[in-house]
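There are 2 protein chains.
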Amino acid sequence: MIVVKVGGSAGINYDLVCDDIAELVKDGQQVILIHGGSDETNKVSTQLGKPPRILTSPQGYTSRYTDTDTLDIFSMVYAGKMNTRIVERLQKRGVNAIGLSGVDGRLLEGPRKSSVRAVVDGKQILVRDDFTGKVEKVNTGLLNLLVGAGYTPVISPPAISTDGEAINVDGDRAAAVLASAIGAQQLIILSNVPGLLRNFPDESSLIPTIRYAELEQALGFAEGRMKKKVLGASEALAGNVQEVVFADARVARPIFNAMQGKGTVIRHH
Amino acid sequence: MIVVKVGGSAGINYDLVCDDIAELVKDGQQVILIHGGSDETNKVSTQLGKPPRILTSPQGYTSRYTDTDTLDIFSMVYAGKMNTRIVERLQKRGVNAIGLSGVDGRLLEGPRKSSVRAVVDGKQILVRDDFTGKVEKVNTGLLNLLVGAGYTPVISPPAISTDGEAINVDGDRAAAVLASAIGAQQLIILSNVPGLLRNFPDESSLIPTIRYAELEQALGFAEGRMKKKVLGASEALAGNVQEVVFADARVARPIFNAMQGKGTVIRHH
Chain A
1 MIVVKVGGSA GINYDLVCDD IAELVKDGQQ VILIHGGSDE TNKVSTQLGK
51 PPRILTSPQG YTSRYTDTDT LDIFSMVYAG KMNTRIVERL QKRGVNAIGL
101 SGVDGRLLEG PRKSSVRAVV DGKQILVRDD FTGKVEKVNT GLLNLLVGAG
151 YTPVISPPAI STDGEAINVD GDRAAAVLAS AIGAQQLIIL SNVPGLLRNF
201 PDESSLIPTI RYAELEQALG FAEGRMKKKV LGASEALAGN VQEVVFADAR
251 VARPIFNAMQ GKGTVIRHH
Chain B
1 MIVVKVGGSA GINYDLVCDD IAELVKDGQQ VILIHGGSDE TNKVSTQLGK
51 PPRILTSPQG YTSRYTDTDT LDIFSMVYAG KMNTRIVERL QKRGVNAIGL
101 SGVDGRLLEG PRKSSVRAVV DGKQILVRDD FTGKVEKVNT GLLNLLVGAG
151 YTPVISPPAI STDGEAINVD GDRAAAVLAS AIGAQQLIIL SNVPGLLRNF
201 PDESSLIPTI RYAELEQALG FAEGRMKKKV LGASEALAGN VQEVVFADAR
251 VARPIFNAMQ GKGTVIRHH
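Protein chains in written order, with the working numbering: chain A, 1 to 269; chain B, 1 to 269.
Hint data in this document are derived by calculation from the structure and do not stem from the laboratory.
Among the clues, some could well be false.
[To be verified] Residues on chain B that point at chain A, a partial pick, calculated with CB under 8 angstroms: (1) T46; (2) I125; (3) L126.
[Unchecked claim] Quick list of in silico lysine-lysine cross-link-like pairs, DSS-like style, CA-CA up to 27 angstroms: (4) B:K262 - B:K43; (5) B:K92 - A:K92; (6) B:K50 - B:K113; (7) A:K43 - B:K113; (8) B:K137 - A:K50; (9) A:K92 - B:K137; (10) A:K50 - B:K113; (11) B:K134 - B:K43; (12) B:K262 - A:K134; (13) A:K227 - A:K134; (14) B:K43 - A:K137; (15) A:K228 - A:K262; (16) B:K113 - A:K92; (17) B:K137 - A:K26; (18) B:K92 - A:K137; (19) A:K92 - A:K113; (20) A:K113 - B:K228; (21) B:K50 - B:K262; (22) B:K43 - A:K43.
[As the list claims (entries may be wrong)] Covered by chain B, according to a simulated footprint, are these stretches of chain A (three or more residues, beta-carbon under 8 angstroms): (23) 79-85; (24) 97-110.
We put the CB at the ideal spot given by N, CA and C, even for glycine.
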């Protein structure tokens, strides 16, 4: 079982990602795909007169401020537009894909944060109407039911809170929890960069391998959204996934490249 | 097995519909819900600068002109926003709902129309870039897999074409094909009117019962979107569904009312 997370940033080529999945599935591999949609959500939010607001935590992690309206837009883009078009791409390639959000069958579940700390103009504020949380539980029964019947799950946030509310969660960290829960050997995290860069955005400064013990140091190199990918990698390895690879989703054969170690490979030893 | 279709017109109360489904599921009934989203799609389309265009066929049937951009908006509202919020409502009520579009696992499949005939200013035109079609095949294996495992499917268009394209299909007729394929005894079609009205919009002119043989005559009373509901009822009965009920989704206990014959009941004899 391979778990692939593909981001939602500009430049990502979903056709190439789906080409690889089709080849893998035809070879008898079981694949679970988790996808993002941040860039498209920013666009649609702005078009709908609700431009995105990004919260930055005191530790420097960023997240989307997600009130009720934003969660609706988020669901529209992730679970509606992006998910349908990715499933369509896979179906056209002969893969019997099935799209699910984390709300469906309580696939991705966890507590909603009662409040979120954010730094605005140098001051800490407490945001209380934010529908965000963290995945702690995965409905592996549902995934095994579908994969066992020959379906390829295509998953996106939102997730579901313990109280049954739709919540925004970080896709990379959700993928890490899922990969661990399902017992995947490998988690591949594709985005619009070739991997973790020592000097962002200089792509020649790619870090080819990181050991688990070096991950905290690696966090120092990580810029913006890459911080959560490093955190996700750390959580996946702690959850017995053997290898996490950060790789490039703008080029041909993105998943096969990652499987061959092209990108940043993160292992225990 | 009961198949419930709830429309997407203004005034429909999804909380009340979900209350009934929760009660039915707790009583051990198996329910499949199919929902619409037309009113919300009109609003979002307009907000996104792509106001809806309705095509009217020479026979007087209406459908949404669905080019690629419109299909994206359609998927956003139906499979994204509406579906997620209905699944959330059911999950909050203790029902393990799972949202699916017709693209997922090729759940609702049929041919895309190569062109659509429409009447504009009294003249017939041929529309060729329309992604619409008709459901002819239902993945009952997937539905039985999920229902058998205790999930309650919540389904919306788009469907998938024979060539693997996402297509807009009429929800009422899709529900009829689904009810027939799954062997449902009863199909309940809820909307924002109490049933078929002899003199639309006079609600006191409700027609309480229609026999199969009288359906063609009943088409004459049907206004706008009600025409396709009558067509769907006809197709469901032809496909061995024993009873179709048109009922009101604006009032308390909408499904129980329909099950007790409140609305327009359509039967073979």
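Evaluated hints:
no. : hint            : in the structure
1   : T46             : violated (11 angstroms)
2   : I125            : violated (28 angstroms)
3   : L126            : violated (25 angstroms)
4   : B:K262 - B:K43  : violated (31 angstroms)
5   : B:K92 - A:K92   : violated (35 angstroms)
6   : B:K50 - B:K113  : holds (22 angstroms)
7   : A:K43 - B:K113  : violated (31 angstroms)
8   : B:K137 - A:K50  : violated (40 angstroms)
9   : A:K92 - B:K137  : holds (17 angstroms)
10  : A:K50 - B:K113  : violated (36 angstroms)
11  : B:K134 - B:K43  : holds (25 angstroms)
12  : B:K262 - A:K134 : violated (45 angstroms)
13  : A:K227 - A:K134 : holds (16 angstroms)
14  : B:K43 - A:K137  : violated (36 angstroms)
15  : A:K228 - A:K262 : holds (20 angstroms)
16  : B:K113 - A:K92  : holds (18 angstroms)
17  : B:K137 - A:K26  : holds (24 angstroms)
18  : B:K92 - A:K137  : holds (17 angstroms)
19  : A:K92 - A:K113  : violated (39 angstroms)
20  : A:K113 - B:K228 : violated (45 angstroms)
21  : B:K50 - B:K262  : violated (39 angstroms)
22  : B:K43 - A:K43   : holds (18 angstroms)
23  : 79-85           : holds (count 6)
24  : 97-110          : holds (count 9)
Hint compliance for this structure: hints 1, 2, 3, 4, 5, 7, 8, 10, 12, 14, 19, 20 and 21 are not met, and every other hint is.
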